[in-house]
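K.L.:
Here is what each chain is made of, one letter per residue.
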Amino acid sequence: MNLVTPDLGLLFWMVVIFGIVFFLLAKFGFPIITRMVDERNAKIEKSLKDADEIAARMAAWKQEQAEMMDQTRRQQAAILKEAAEAKARIMADAKAEARAQAEKLVADAKVQIAAEKESALRDVRKEVALLSVQVAEKVLRQELQDEGSQRAYIDRLVDEAAEKPIHS
Amino acid sequence: MKFLTLIWLLLAIPQASAPSSLRGLCPLPSPAASGRPLCRAAWSFDSTSGEGVSPEGASAFLSATEGDTPSQDEEINVPEIIFGHIGDEYEWHITEWKGKPIAIPLPCIVIDNGVKVFTVHHAAENGYTFNENGKLVNAESGRRPLDLSITKNVLSLMMSSLLLLIVILLTARWYKKHNALEEAPTGLAGLMEPLVAMVHNMARENIGEKDYRRYSPYLCMAFLWILFNNFLGILPFFPGGANLTGNIAITLVLALCTFFTVNLTGTRHYYKELFAPDVPGFLKPIMPIIEVFSALMKPVSLTIRLFANMLAGHIMILSMVCIIFIMAKYGPLLSGGMTVVSVLFGVFLDALECLVAFIQAYVFTMLSSIYIGLARQQH
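Residue numbers (the working numbering), protein chains in the order written: chain L, 5 to 172; chain V, 26 to 404.
Just so you know, these hints were derived from the structure itself, not from any lab.
Possibly wrong hints are sitting among the right ones.
[To be verified] Once the Cα atoms are required to be at most 25 Å apart in a straight line, the calculated DSS-like pairs of lysine-lysine come out as: (1) Lys125(V) x Lys297(V); (2) Lys297(V) x Lys323(V); (3) Lys354(V) x Lys31(L); (4) Lys53(L) x Lys235(V); (5) Lys235(V) x Lys47(L); (6) Lys323(V) x Lys309(V); (7) Lys50(L) x Lys235(V); (8) Lys50(L) x Lys323(V).
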């Protein structure tokens, strides 16, 4: 029964040596290693969490950026459209105004021309009337030197007047 | 392990009987005679008396060959070889050179009416002789003195403990000198960190977040100490080769460490479960007995598990090696064939033992942490 009987000497030395080594390692060995391992594990865990967070934030940023880009593009399109519309409107307005101006000028010119023509006609008519009166005076003076002819003339005039109305 | 021993036996019997067809080529014992003694040699490892049964097996084996073979001057005493390797010695026998043994002399220290220190060769001068187990006894009274000799196992224990101490302190030094948060450990620290971290995590899982840090150093120590000694035990030459973790005194101390750690630091809840468990009335007188018995059996099972596993591994490897020497007598063909088989099996067993060395260290630590965890339960 040599193998299954614990030997007292070996037992003694085992207790002593194992005890000493355990004391030394429990004080100066394992805690240092395990603390560092724990610290590093904690750091790795934290880093992973941070990385996840950053990735999530980056994704959010990217989405935000994309949204902003989209909005800007929409705004740009809207502004361009508006500008095009404004341009068209302004041009149309300007054209209309120009036409109106031109029409007005033409109308004014026409009125003026008509007025001048009228006044010229009036002048001419007045002149003609004056001339004709003068001519008639002279003719009458010459013709109506005797009484008989005067009377004949008056009669003729009266006839004429009776036949057709005098033109104003 | 039993399973492997069985495989070994199954293989040993046909191998020993198979060469009967080669009878014409070399002198051979009859198949029946050759099968049985090998089998008995294998069984004799289980009977731990060493001297008693086993030489019979070997001599029966050899006597069967006596008629055919030329006479052999030296007989191979397999049990002696094996028990010499797995047992303890008062000197560290390394090898033989030109018929002279080369051994490291170790001091015998006996306390028996005063301390006496001598080497094993001067035992008789100091009034000591050896009993049947090879232990020192007082020549006059025939009783064992208090024997604190630095034996082979004690020297191996010192060296492996020193090695562990140096390795762990160097690893700790690396962490002091480097910022472990910035760089990964290299070299020795890189080798040891996964092991320490593994045990540390095991402690956390089994003991609980609250106080695993208190127990982690002990579990790391137990795991690495067993691992170092298991591997040193597999090493066949000087610094290793001692069968330390296959020695019951060693495993007993380890198991008692766990036992005291568990039972001296248990919670109130643990002791209540132990001595006054919450069970129906008719079980009240029985349960404490069962509980206390199971608490006492835990260290026993820890002791025997590690001891028996490592011992069996050593015996199996040594048996494989011994087959080569046993077979050397039976002509080149048979011994050559058996040598190939033995070497292949030896390689297999060595690889297996490396696995077992790790597993047993792991299992011991794992069970220790579970026992501690049970004793630290709050409710």
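K.L.:
Going straight from one Cα to the other, do lysine 297(V) and lysine 323(V) come out at no more than 25 Å?
P.N.:
Roughly 18 Å separates the two Cα atoms, so the pair holds.
K.L.:
Taking only the CA atoms, is the gap from lysine 235(V) to lysine 47(L) under or equal to 25 Å?
P.N.:
holds (20 Å)
K.L.:
Taking only the CA atoms, is the gap from lysine 354(V) to lysine 31(L) under or equal to 25 Å?
P.N.:
This hinted pair is violated, its Cα atoms lying about 57 Å apart.
K.L.:
Keeping to a limit of 25 Å between CA atoms, is the pair of lysine 323(V) and lysine 309(V) held or broken?
P.N.:
Satisfied, since the Cα-Cα distance of roughly 22 Å is no more than 25 Å.
K.L.:
Are the Cα positions of lysine 50(L) and lysine 235(V) separated by 25 Å at most?
P.N.:
Distance ~21 Å between lysine 50(L) and lysine 235(V) Cα, so the pair holds.
K.L.:
For lysine 125(V) and lysine 297(V), compute the direct alpha-carbon distance and say whether it is at most 25 Å.
P.N.:
violated (63 Å)
K.L.:
Is lysine 50(L) close enough to lysine 323(V), meaning Cα to Cα at most 25 Å?
P.N.:
violated (40 Å)
K.L.:
Check the hint pairing lysine 53(L) with lysine 235(V) against an upper bound of 25 Å on the C-alpha distance.
P.N.:
Holds, at about 24 Å.
Checked against the numbered hints listed earlier, the structure breaks hints 1, 3, 8; every other hint is satisfied.
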